[in-house]
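J.: Can you make the complete structure from the sequences, with help from the hints?
If you're matching them up, the sequences are chains A and B in order. For the first sequence, the numbering used here begins at 4 and goes up steadily by one. For the second sequence, the numbering used here begins at 233 and goes up steadily by one.
Don't take every hint at face value.
[Said to hold, decoys possible] One-sided and incomplete, this derived list gives chain B residues near chain A with beta-carbon spacing under 8 Å: (1) Ala453; (2) Ala457; (3) Gly462.
Keep in mind that the hints were calculated from the coordinates and are not lab data. Built from N, CA and C at the ideal position, the CB exists for glycine as well.
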Amino acid sequence: MTTMLQEPPDVAVSAKLIIRNLNIFYGAFHAMKNASLDVPANNVTAFIGPSGCGKSTFIRALNRMHDLTPGARVEGEVLLDGEDIYAPSIDPVTIRHRIGMVFQRPNPFPKTIFENVVYGPRIHGIGGRAQLAEICERSLKRAALWDEVKDRLDRSALELSGGQQQRLCIARCLAVDPEVILMDEPASALDPIATSKIEDLINDLKKEYSVVIVTHSMQQAARISDLTAFFLMGELVEVGTTSQVFTKPEDKRTEDYITGRYG
Amino acid sequence: MATRAVDVVAATTIPKPKSMAAQTALVRIWTTGTAIICGALVLLMLLFLFAFAWPAIKYNGWTMLTSIYWNIGDQYATGTTVHNGVAAQPGANFGSLVFIYGTLMTSILAMLGAVPLSLLVAFALVYRIPARIRPGVNALVELMAGVPSVVYGLWGVVVLVPFIGQQLAPFVTSHLSGVPFVGGAAGSGNGLFASAVILALMVTPIMVATMRDVMLAQSKALYEASVALGSTSWQAVTRVVVPSVRNGVFASVLLAFGRALGETMAVLMVCGAAANEFPSNIFQTVNTIAAIIVSQLESASTDASGIAQRSLAELALILFVITLTINIIARLIMRGTDRLGKSNA
Numbered sequence: 004m005t006t007m008l009q010e011p012p013d014v015a016v017s018a019k020l021i022i023r024n025l026n027i028f029y030g031a032f033h034a035m036k037n038a039s040l041d042v043p044a045n046n047v048t049a050f051i052g053p054s055g056c057g058k059s060t061f062i063r064a065l066n067r068m069h070d071l072t073p074g075a076r077v078e079g080e081v082l083l084d085g086e087d088i089y090a091p092s093i094d095p096v097t098i099r100h101r102i103g104m105v106f107q108r109p110n111p112f113p114k115t116i117f118e119n120v121v122y123g124p125r126i127h128g129i130g131g132r133a134q135l136a137e138i139c140e141r142s143l144k145r146a147a148l149w150d151e152v153k154d155r156l157d158r159s160a161l162e163l164s165g166g167q168q169q170r171l172c173i174a175r176c177l178a179v180d181p182e183v184i185l186m187d188e189p190a191s192a193l194d195p196i197a198t199s200k201i202e203d204l205i206n207d208l209k210k211e212y213s214v215v216i217v218t219h220s221m222q223q224a225a226r227i228s229d230l231t232a233f234f235l236m237g238e239l240v241e242v243g244t245t246s247q248v249f250t251k252p253e254d255k256r257t258e259d260y261i262t263g264r265y266g
Numbered sequence: 233m234a235t236r237a238v239d240v241v242a243a244t245t246i247p248k249p250k251s252m253a254a255q256t257a258l259v260r261i262w263t264t265g266t267a268i269i270c271g272a273l274v275l276l277m278l279l280f281l282f283a284f285a286w287p288a289i290k291y292n293g294w295t296m297l298t299s300i301y302w303n304i305g306d307q308y309a310t311g312t313t314v315h316n317g318v319a320a321q322p323g324a325n326f327g328s329l330v331f332i333y334g335t336l337m338t339s340i341l342a343m344l345g346a347v348p349l350s351l352l353v354a355f356a357l358v359y360r361i362p363a364r365i366r367p368g369v370n371a372l373v374e375l376m377a378g379v380p381s382v383v384y385g386l387w388g389v390v391v392l393v394p395f396i397g398q399q400l401a402p403f404v405t406s407h408l409s410g411v412p413f414v415g416g417a418a419g420s421g422n423g424l425f426a427s428a429v430i431l432a433l434m435v436t437p438i439m440v441a442t443m444r445d446v447m448l449a450q451s452k453a454l455y456e457a458s459v460a461l462g463s464t465s466w467q468a469v470t471r472v473v474v475p476s477v478r479n480g481v482f483a484s485v486l487l488a489f490g491r492a493l494g495e496t497m498a499v500l501m502v503c504g505a506a507a508n509e510f511p512s513n514i515f516q517t518v519n520t521i522a523a524i525i526v527s528q529l530e531s532a533s534t535d536a537s538g539i540a541q542r543s544l545a546e547l548a549l550i551l552f553v554i555t556l557t558i559n560i561i562a563r564l565i566m567r568g569t570d571r572l573g574k575s576n577a
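T.: What follows is the structure in structure tokens.
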């Protein structure tokens with residue numbers, strides 16, 4: 004089968020990430036087949052599709068997380084501001100500094116709230132206590148968590164609720180000042196109230212960052228994203244503005260999925 | 233009419249509250265009962281052992297813990313020696329210091345090899361081995377844990393002991409003659425070193441399995457989180473993974489240590505069954521509490537005064553106390569780790 008649509012969507016802003024002919028293999032298994040996509044700056048791009056369709060596989064290729072998966076192989080180009088992040092001369096560590104990631108399950112370190120937020124700045128060599136405190140406050144405020152935790156920064160992050168932990172993970176990601184934020188189903192383990200807080204936050208974050216979010220909830224994609232890409236069985240079936248994908252899908256498979264025929 | 237239909241549906245699909253309550257009560261009685269029986273059994277064993285060993289404890293006093301001589305006394309003598317109101321054959325002396333030393337030394341030496349090995353294997357299992365072949369490797373580890381100890385012992389007798397006695401020990405002792413615990417006589421191959429190697433092989437799969445579970449539960453997500461923040465792999469391991477698994481790994485080491493202390497058959501087959509003297513280096517023969525109990529059981533049963541058997545029971549009690557202490561410490565640490573894991577979930 005050939006992929007239907009490979010032209011970037013008509014968006015008025017410049018592309019932050021340009022992905023061309025991306026193929027991902029787990030051993031002999033071809034998990035992502037020749038996908039091409041543009042991620043525009045200061046927009047929210049949502050990846051939707053049924054479980055196992057390859058959307059998480061795809062997003063993990065965008066900050067080279069597959070380097071950590073034994074047996075995984077990535078082919079094709081991922082250009083960040085025109086520079087291929089898979090080029091041999093590129094250090095994946097510097098790429099992950101510029102492209103942050105928030106995971107499905109909140110994964111705070113078993114450290115204090117403060118130490119969680121300043122972990123990234125610390126490993127990148129920032130040591131001054133005052134500077135770290137400033138970064139901590141700014142990041143927590145941007146993640147809409149500051150008011151809830153400002154009096155207990157020295158308490159364990161594990162004492163926070165699931166939703167607070169996830170916002171802490173977002174704050175931790177913001178603290179290294181990335182340009183792109185990748186979110187792999189960031190609200191799937193959270194209750195509806197916590198989910199709505201995360202969604203408000205994402206809406207706010209796109210003013211400063213390019214956000215890519217994987218979600219299994221079509222409603223969530225419709226609520227928060229500007230662009231939507233639909234994946235099915237390791238293929239990028241269709242990508243377009245969210246309103247177009249949800250109201251006038253070009254591919255029959257997209258329409259079947261949107262109208263609830265599978266997934 | 234409609235109401236009745238609903239009633240019928242409710243009656244057929246939802247179990248009656250009364251029978252549910254009865255079932256809940258039954259399950260509670262059953263689980264509580266089982267838990268009490270398990271605890272009571274351990275306590276009873278301890279009490280029985282203590283009661284049976286009591287004459288020996290009275291007869292031996294501190295000698296048991298301070299003397300290195302184990303002698304069931306002159307079995308052909310006509311009279312008996314009485315000490316603290318307990319009679320024994322003349323010349324009887326039950327000191328376990330050599331065995332306590334052997335027990336601790338073989339296990340500690342084994343852990344020195346097994347802990348780094350297990351850490352490496354567990355790390356590789358969680359982070360480095362492709363998901364496709366991981367189940368196979370896991371099965372191998374579990375298989376290793378299931379091999380009967382007598383099989384390890386036999387391998388030790390047939391392969392390991394000759395190798396140590398004929399090649400390794402002569403080579404090491406001649407090249408490192410001045411080094412304490414290593415230099416000196418090469419020995420037959422049976423002894424402290426062979427016991428430690430066998431024990432290390434036996435506890436490694438247990439440690440790999442528990443360390444792997446600890447790492448899977450916590451650290452893989454944390455490792456990814458750290459790397460995604462732009463850390464190097466080394467920074468992720470040293471700053472996040474190691475601190476987060478430290479307690480679990482420590483508990484796993486203690487559990488394996490407890491297991492090594494009590495291992496009997498494989499050690500008995502390769503330790504050389506030393507008595508009444510400490511090994512002069514790691515290639516000399518030793519004996520452990522578990523091994524001496526088995527090897528002395530028959531001669532102790534011929535002791536006319538019966539005190540030899542009771543002294544073996546006292547030895548068992550000492551081993552029990554040592555391993556119980558280690559286990560309790562391990563459980564306490566594990567519980568701390570669990571609490572951390574729960575609030576993280």
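J.: So, for every hint listed, does it hold in this structure?
T.: Status of the hints after comparison with the structure:
no.: 1; hint: Ala453; in the structure: holds, 4 Å
no.: 2; hint: Ala457; in the structure: holds, 5 Å
no.: 3; hint: Gly462; in the structure: holds, 4 Å
Of the numbered hints listed earlier, not one is contradicted by the structure.
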